[in-house]
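Engineer: One letter stands for each residue in the lines below.
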Amino acid sequence: MSASAPSVDAQALPQSFAGWFARQGWTPRAHQLELLAKAKAGRSVLLIAPTGGGKTLAGFLPSLVELSGGNTGDAGATAPRARLDSIRPSGLHTLYISPLKALAVDVARNLGRPVAEMALSLRIETRTGDTPASKRQRQRRQPPDILLTTPEQVALLLASADAPYLFQGLRRVVLDELHALVTSKRGDLLALALARLYRLAPTLTCVGLSATVADPPELARFLTPQTSRGVAATDFAAADIVVAAAGAAPLVEMHDSARDIPWAGHTARHALAEIYRLIGRHRTTLVFVNTRSQAEMVFQELWRINEDAIAIALHHGSLDVAQRRKVEAAMATGRLRAVVCTSSLDLGVDWGDVDLVVNLGAPKGASRLLQRIGRANHRLEEASRAVLVPANRFEAMECRAAIDAITDGVQDTPPARVGALDVLAQHVLGCACAAPFDADDLYAEVTTAAPYAGLARADFDDVVDFVASGGYALKAYERYAKIRQGGDGRWRIAHPRVAQRYRLNVGTIVEQDMLKVRLVRARNAPGGYSGPIRHGGRVLGRVEEYFIEGLVAGDTFIFAGEVLRYEALVEDEVYVSRAAAEDPKVPAYAGGKFPLSTYLAARVRAMLADARTWKALPGQVREWLAAQRQRSVLPRAGDLLIETFPRNGRYYLVCYPFEGRLAHQTLGMLLTRRLERARLRPLGFVANEYALAVWGLADMAAAIARGALDLAVLFGEDMLGDDLEAWLEESALMKRTFRQCAIIAGLIERRYPGEEKTKRQMTVSTDLIYDVLRRHQGGHVLLRAARADAATGQLDIRRLAAMLARVRGRIVHQRLERISPLAVPVMLEIGREPIQGEAADMLLAQAEEDIVKEALG
Amino acid sequence: MLCGDEHHLVVAAVALLADRAGALYWPEQRLLAIADLHLEKGSSFAARGVLLPPYDTAATLARLAGVIARYNPRIVVALGDSFHDGGGPARLCDADRATLAGLQRGREWVWIAGNHDPDPAERIGGVFAGIIAMAPLTFRHEPREGAAPGEIAGHLHPLARVATRAGVIRRRCFATDTHRVVMPAFGAYAGGLSIRDAAFGGKFDASRLVAHVLGLRRVYVIAAERCLPD
Chain A
2 MSASAPSVDA
12 QALPQSFAGW
22 FARQGWTPRA
32 HQLELLAKAK
42 AGRSVLLIAP
52 TGGGKTLAGF
62 LPSLVELSGG
72 NTGDAGATAP
82 RARLDSIRPS
92 GLHTLYISPL
102 KALAVDVARN
112 LGRPVAEMAL
122 SLRIETRTGD
132 TPASKRQRQR
142 RQPPDILLTT
152 PEQVALLLAS
162 ADAPYLFQGL
172 RRVVLDELHA
182 LVTSKRGDLL
192 ALALARLYRL
202 APTLTCVGLS
212 ATVADPPELA
222 RFLTPQTSRG
232 VAATDFAAAD
242 IVVAAAGAAP
252 LVEMHDSARD
262 IPWAGHTARH
272 ALAEIYRLIG
282 RHRTTLVFVN
292 TRSQAEMVFQ
302 ELWRINEDAI
312 AIALHHGSLD
322 VAQRRKVEAA
332 MATGRLRAVV
342 CTSSLDLGVD
352 WGDVDLVVNL
362 GAPKGASRLL
372 QRIGRANHRL
382 EEASRAVLVP
392 ANRFEAMECR
402 AAIDAITDGV
412 QDTPPARVGA
422 LDVLAQHVLG
432 CACAAPFDAD
442 DLYAEVTTAA
452 PYAGLARADF
462 DDVVDFVASG
472 GYALKAYERY
482 AKIRQGGDGR
492 WRIAHPRVAQ
502 RYRLNVGTIV
512 EQDMLKVRLV
522 RARNAPGGYS
532 GPIRHGGRVL
542 GRVEEYFIEG
552 LVAGDTFIFA
562 GEVLRYEALV
572 EDEVYVSRAA
582 AEDPKVPAYA
592 GGKFPLSTYL
602 AARVRAMLAD
612 ARTWKALPGQ
622 VREWLAAQRQ
632 RSVLPRAGDL
642 LIETFPRNGR
652 YYLVCYPFEG
662 RLAHQTLGML
672 LTRRLERARL
682 RPLGFVANEY
692 ALAVWGLADM
702 AAAIARGALD
712 LAVLFGEDML
722 GDDLEAWLEE
732 SALMKRTFRQ
742 CAIIAGLIER
752 RYPGEEKTKR
762 QMTVSTDLIY
772 DVLRRHQGGH
782 VLLRAARADA
792 ATGQLDIRRL
802 AAMLARVRGR
812 IVHQRLERIS
822 PLAVPVMLEI
832 GREPIQGEAA
842 DMLLAQAEED
852 IVKEALG
Chain B
-7 MLCGDEHHLV
3 VAAVALLADR
13 AGALYWPEQR
23 LLAIADLHLE
33 KGSSFAARGV
43 LLPPYDTAAT
53 LARLAGVIAR
63 YNPRIVVALG
73 DSFHDGGGPA
83 RLCDADRATL
93 AGLQRGREWV
103 WIAGNHDPDP
113 AERIGGVFAG
123 IIAMAPLTFR
133 HEPREGAAPG
143 EIAGHLHPLA
153 RVATRAGVIR
163 RRCFATDTHR
173 VVMPAFGAYA
183 GGLSIRDAAF
193 GGKFDASRLV
203 AHVLGLRRVY
213 VIAAERCLPD
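So the sequence lines, in the order shown, correspond to chains A and B. Under the numbering used here, the residues of the first sequence are numbered 2 to 858, in order. Under the numbering used here, the residues of the second sequence are numbered -7 to 222, in order.
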């Protein structure tokens, strides 16, 4: 790895470019020149650069220079176009792929300026889901020189018969925001597409643009074809790594509130007045929060105290697109003083002159936080300023750990993915749609994609079998096969209809069933809504169907910055009216999507164990930890503390694994099963990011004392065997995971919003398919895919497994007579979120009882 | 109301046992009714390019075998839509066909015509009927508006959606207003329709409509008013 030493001088830049840089008053950055040199040497490159480092221009510079016809300093004199045409046939030269449509459009606009000012004769176009059909067709016949698009569009282009024509002359692929793309199934899809592109255009080189990551060499492998099997892992091909000079170190501090830091919760309401004053003292502030509901709440509260009526806006992924574009435009032109936003603003679109980032709540990960902080000050030389505002006491420790990690320069991005089998199934079908394929050749190609480098041939064959006829042990569907092997041994689609369906279902993003939220006028009748309401109100955005399922007419909730009253569900639209109420009745749901990173968790555990580090924590937090040391015990860094205590006639067991809420919820499910079997009559559990509390009717501490309950056995790793299997059978999360795999793999088709209910009834519920398949062919490739997802995603089983292994022999039990200071936060969550682990039967019995009470009542 | 595991459901003054698998048993007549088996739904979808797992028929018949073993009925009445489409009987695989024949051995078996399978079919045993009347009960596929008390029907695939503090629970159910019953669909891949849907409202007195919800351990009684629409 070279740290961007100026091994190349500015001579590498053609005169016209050097002149342009000079006219801007810029000097080409070292990494920009280095990328130029790498391109000339035919090398693929991973460029790691902070935001504001001229990363995008660096990525495109080699392409622009090549397309201008100049490869040394003598260009500009001759007509560039004529020279270019003599060098290579016109056609697609550079393919730029970004995770966001908006980013592709933004970059196209930014590239337009240097191209116009240097009078380069080249065509730059975007291709997204919004591109009109006529333009798409023209793009196939007469490709632009540079095409900016998304992974899904590339998959679609590759699945057509003219893909070889389109891509054979491709010289360069630029992957933007690579660190974000590779963490999801979209990264798998992209990796497979890249493998195909390398096959169609073997001489192409690839440039990855990324924020700082934990393991650059691992990410660099993504960019180049992996060598064939049998080679030692260290010999895998990888792109060269160029690291741009880091900008000024960010100034990050933790907000030390004058008010009490709450014990629990995620609202940070206590600090909002102080945040408001911070906003007042800066030009433009981005206030990052972790969830949509938090964004709504904070926005609402800030406006409540907004006496100076400064321009504060709201931005999150559920808002109507038009609304979001408006906020972005206002932001870009500097008309806003602050935007409260979720990760919808995480990625690299340039939002203008931000001089302060406030991160409200848990940072979750050091790298994640750093990327957010990078949104401030797009000028590299100036330090970005950020203030972290913990919403509760544990979060104060997490904030401290994140700041320390940033100071130490540690990154905690997740490790590289293992390619998902459902995505592979989609790709295999796409390949068949493009042209008949030979299984041996395709296997060889697929394993050149980094996420699939370790793919076993048997798994590949299972996927092909699945694509062909469902992959069932019972060979019932041969006659309905989607792809068939011809006499030449090649697989081809059985019917043109198969290709049509593929095109409608491409992609890996499976949206939840979303409902439009439409603002209507409430009826003034005291009973509220009582009949048809006028159509045609404004659409505020979209919410998940399951959120609305839990509401009854008249309930109030916050959405799009307003307190709304739920009126009715009309087809696929939620009718709401403005509510007079100040406080919404239904608290917004759900915590963060991302769990606390393993690295930060370890740091927090170490901090907890070492009182010497507490001086960097707010005073209230120090006192809290000291009280814990006095009344219970503070676990050593590698230990798992388990406390038991009675309270109000119930018996509690609280443990502190610090592994994130998802892993804790899975643990809670499994522990209650085991306690049930031990006849300790568990009633429920609740989890937060740091701890898990289980309670029941039997005295667990007494059972431990008399030897009837062994904590080492209770927390034994074998819980991930039969107990997990039994639980997965009925887990709604698992069924949701399976549904996503089934859609991505093409077993069932996507549902589109607005499809009639009657049509929905005609589809088969994936829950039913899951039940049947699990019982009759538990090893089916789709179930394997779903389990792999569960291991890392919704259920975080892998993390749970690592924790159980870590604490083996290191469980510390503390029997208490009353609740400990450390237990207070998680105990306060009880009743705030739905209690997990209760069987549906219990709840049905409850509903039945309620009715009896009503009747007798 | 409840007596051990047996869940009674009274229709037109006849006491029936509502089994949590989704079957109705009439002890006096030793008659077992099931509705909407939708056998071969998987292969029906497969023919249209959606390759669902081909195990639904086996799964449905295995559950039916369990119910039959529990009650040992003299007569079994399948209330229509027993096959997902007219070609279903011909697509039955040998193993499933043998299972079905085994279930039919030693008892009467009536296939009532449904909208998915209106015509008699070959090689599936049993006799075919449009409707069966055994006073005071009448068995038919589709519930009729204004039907006399005692009607036992299927077709609508009733579901109860119950809001609880742990989210919405969605379960198949019997829908009854004490005069008539709509049975839950029995088929492994059969979908469902909330009993709050207009399709029920038109045929039942909504205020008296009750869901007998199929739980894992037993059947639960919940008023339709307490259930959520789809």
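These aren't lab readings, by the way, just hints derived from the structure by calculation. Being a predicted model, the structure only gives us computed values, none of them experimental. Backbone N, C-alpha and C fix where the C-beta goes; we use that ideal spot for every residue, glycine too. There may be inaccurate statements among the hints.
To be verified - Using 16 Å as the maximum straight-line C-alpha spacing, the simulated EDC-like pairs for lysine to aspartate or glutamate come out as follows:
hint: 1; chain 1: A; residue 1: Lys102; chain 2: A; residue 2: Asp131
hint: 2; chain 1: A; residue 1: Lys41; chain 2: A; residue 2: Asp241
hint: 3; chain 1: A; residue 1: Lys736; chain 2: A; residue 2: Glu677
hint: 4; chain 1: A; residue 1: Lys476; chain 2: B; residue 2: Asp222
hint: 5; chain 1: A; residue 1: Lys102; chain 2: A; residue 2: Asp163
hint: 6; chain 1: A; residue 1: Lys476; chain 2: B; residue 2: Glu20
Stated by the list, open to error - Partial pick of chain A residues on the chain B-facing surface, computed with a CB cut under 7 Å:
hint: 7; residue: Phe461
hint: 8; residue: Ala474
hint: 9; residue: Leu475
hint: 10; residue: Tyr478
hint: 11; residue: Tyr481
hint: 12; residue: Ser766
hint: 13; residue: Leu769
hint: 14; residue: Val773
hint: 15; residue: Leu774
hint: 16; residue: His777
hint: 17; residue: Gly779
hint: 18; residue: Val825
Engineer: Could you run down the list of hints and mark each one as holding or not?
Structural biologist: Verification of the supplied hints:
no., hint, in the structure
1, A:Lys102 to A:Asp131, "holds (9 Å)"
2, A:Lys41 to A:Asp241, "holds (13 Å)"
3, A:Lys736 to A:Glu677, "violated (24 Å)"
4, A:Lys476 to B:Asp222, "violated (36 Å)"
5, A:Lys102 to A:Asp163, "violated (24 Å)"
6, A:Lys476 to B:Glu20, "violated (44 Å)"
7, Phe461, "violated (19 Å)"
8, Ala474, "violated (9 Å)"
9, Leu475, "holds (5 Å)"
10, Tyr478, "holds (5 Å)"
11, Tyr481, "holds (4 Å)"
12, Ser766, "holds (6 Å)"
13, Leu769, "holds (5 Å)"
14, Val773, "holds (5 Å)"
15, Leu774, "holds (5 Å)"
16, His777, "holds (4 Å)"
17, Gly779, "violated (11 Å)"
18, Val825, "violated (23 Å)"
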